[in-house]
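Chains as they are written, first to last, in the working numbering: chain A, 1 to 331; chain B, 1001 to 1064.
Any given hint could be a false lead.
As the list claims (entries may be wrong) - Here are the simulated lysine to aspartate or glutamate pairs, EDC-like style, with alpha carbons at most 20 angstroms apart:
hint	chain 1	residue 1	chain 2	residue 2
1	B	Lys1057	A	Asp113
2	B	Lys1057	A	Glu288
3	B	Lys1049	A	Asp289
4	B	Lys1057	A	Asp112
5	B	Lys1049	A	Glu261
6	A	Lys161	A	Glu171
7	B	Lys1057	A	Asp264
8	B	Lys1049	B	Asp1025
9	B	Lys1049	B	Glu1030
10	B	Lys1057	A	Asp133
11	B	Lys1057	A	Asp101
12	A	Lys161	A	Asp289
13	A	Lys161	A	Glu288
14	B	Lys1057	A	Asp104
15	B	Lys1049	B	Asp1021
16	B	Lys1049	B	Asp1027
17	A	Lys161	A	Asp147
18	B	Lys1057	B	Asp1044
19	B	Lys1049	A	Asp264
In case anyone wonders, no lab produced these hints; they're calculated from the structure.
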Amino acid sequence: MHLPTPCGPVSSHVIESLSGRGTASAPATAGGGSVLTDRDAQLALWTTYELSFRGFEGVDPSREWDIGLIELRLALESRFEAELRAVTDERVVAGVSRDGDVGDLVLALVQDDDGPHLSSYLRRDATADQMRDYLRERSVQQLKESDPQAFLVPRLQGAAKVALAELQYDEFGAGTPSRLHQDMYARTLAAVGLEPAYGAYVDEVSAISLASANVMSMFALNRRLVAAGVGHFAAFEASSSVPSRRVSAGLDRLGLSAAAEYFDEHVEADAVHEQVAARDICGSVVREDPGLLGEVVFGVICALHLDALSGVELLTRFGAMDTPGTHAAAS
Amino acid sequence: MSRAVRLQACPRGPVLVRGADVVVDADGAEHAVTRPVVALCACDRSARKPWCDGTHKAITDDRR
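Pulled out of the complex, with its shape left as it was, chain A reads as follows (with noise of 0.2 angstroms):
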């Protein structure tokens, strides 16, 4: 993969200096506005995350450790975790007060949330244009899907270690490459005439995008943050298995059946995943230890949280914010 194209002035830094052209000192991170919708913060953060993933062509691989860039990166995360904490608050209290069992308590989350209704409209609605943007938004994350999860594994014991080996073993393809899910997805951006390759969009995708990316990589690559990657995750595969079902009938009609492939695969997984994810991996985490059910639900609120923002800017890029059934995102 190749350098992205820089957009400001820190995510400038970063791709010069990866690219052996850098200036000596970092600029300022602490910017005034928001942290999920400035692009420049979120490519920056792209960037060094991705020296821990697949790295960049004509890039050091010992530059992942870069204590430079590793100080920026934490200057950055403090930024995008604070607004995510702020943004979510009130929405984290009501859940940790709801009592019951963990489980029903990750699924009642996703299931109450009233987001935007995206795939819905990419089932009736949409023009094939517009399913190609969506699932160029989306290729960010899915080409690598299930990736930064795979850094939660070492971080769990016992019975929750078990259940994310179990999903991850699904993710990536039960014994047989072609089921992996992540070049499953490539197949899928192949068949709508879309480039697969892993990073190719990285330079048109949204500051969203890239944060619903960077959040994940967050939560797997800073070990304190381990539960709220799980109640991530689990939320992540609790809104997909419907949205998949109504994905693939939008490619059925608009003539692109060859792309379902991956949204068939994920209608039954993840009606499988949302269960083990849910039941399995956050009702054992918080049963170890009961003090972290809160940063599940963190987890939860902040998946469900971008989630909306994303479907937000799509259906209003689309002209759809006023369709009968689309609401605007809780706050």
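Go by the hints and put chain B onto chain A.
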């Protein structure tokens, strides 16, 4: 690999099955198990029986 078949009933959801090779549906048709764990429809509303497709969530909504 041989191991005991294990069933896990999920409240208001499917039945998770681990360790099975084949599931026989209500019409007698055999469905190979290709995942480490599969979810069997328990609400009778799935469009992909015998597998769960998440439709039980809509039923829960209807009852509210």
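Hint-by-hint comparison with the structure:
1. B:Lys1057 to A:Asp113: holds, 13 angstroms
2. B:Lys1057 to A:Glu288: Outside the cut-off at roughly 28 angstroms; violated.
3. B:Lys1049 to A:Asp289: violated, 37 angstroms
4. B:Lys1057 to A:Asp112: With Cα atoms ~10 angstroms apart, B:Lys1057 and A:Asp112 stay inside 20 angstroms; holds.
5. B:Lys1049 to A:Glu261: Judged against 20 angstroms, a Cα distance of about 18 angstroms means the pair holds.
6. A:Lys161 to A:Glu171: Holds, at roughly 15 angstroms.
7. B:Lys1057 to A:Asp264: Holds, because 18 angstroms separates the two Cα atoms, which is no more than 20 angstroms.
8. B:Lys1049 to B:Asp1025: Given pair B:Lys1049, B:Asp1025 holds - Cα atoms ~8 angstroms apart, limit 20 angstroms.
9. B:Lys1049 to B:Glu1030: holds, 11 angstroms
10. B:Lys1057 to A:Asp133: Given that 20 angstroms is the threshold and the Cα spacing comes to 28 angstroms, the pair is violated.
11. B:Lys1057 to A:Asp101: Answer holds: B:Lys1057 to A:Asp101 is near 17 angstroms, not above 20 angstroms.
12. A:Lys161 to A:Asp289: With Cα atoms ~14 angstroms apart, A:Lys161 and A:Asp289 stay inside 20 angstroms; holds.
13. A:Lys161 to A:Glu288: Roughly 12 angstroms between the alpha carbons, so the hint for A:Lys161 and A:Glu288 holds.
14. B:Lys1057 to A:Asp104: Given pair B:Lys1057, A:Asp104 holds - Cα atoms ~12 angstroms apart, limit 20 angstroms.
15. B:Lys1049 to B:Asp1021: Given that 20 angstroms is the threshold and the Cα spacing comes to 16 angstroms, the pair holds.
16. B:Lys1049 to B:Asp1027: holds, 11 angstroms
17. A:Lys161 to A:Asp147: Roughly 15 angstroms separates the two Cα atoms, so the pair holds.
18. B:Lys1057 to B:Asp1044: holds, 12 angstroms
19. B:Lys1049 to A:Asp264: holds, 14 angstroms
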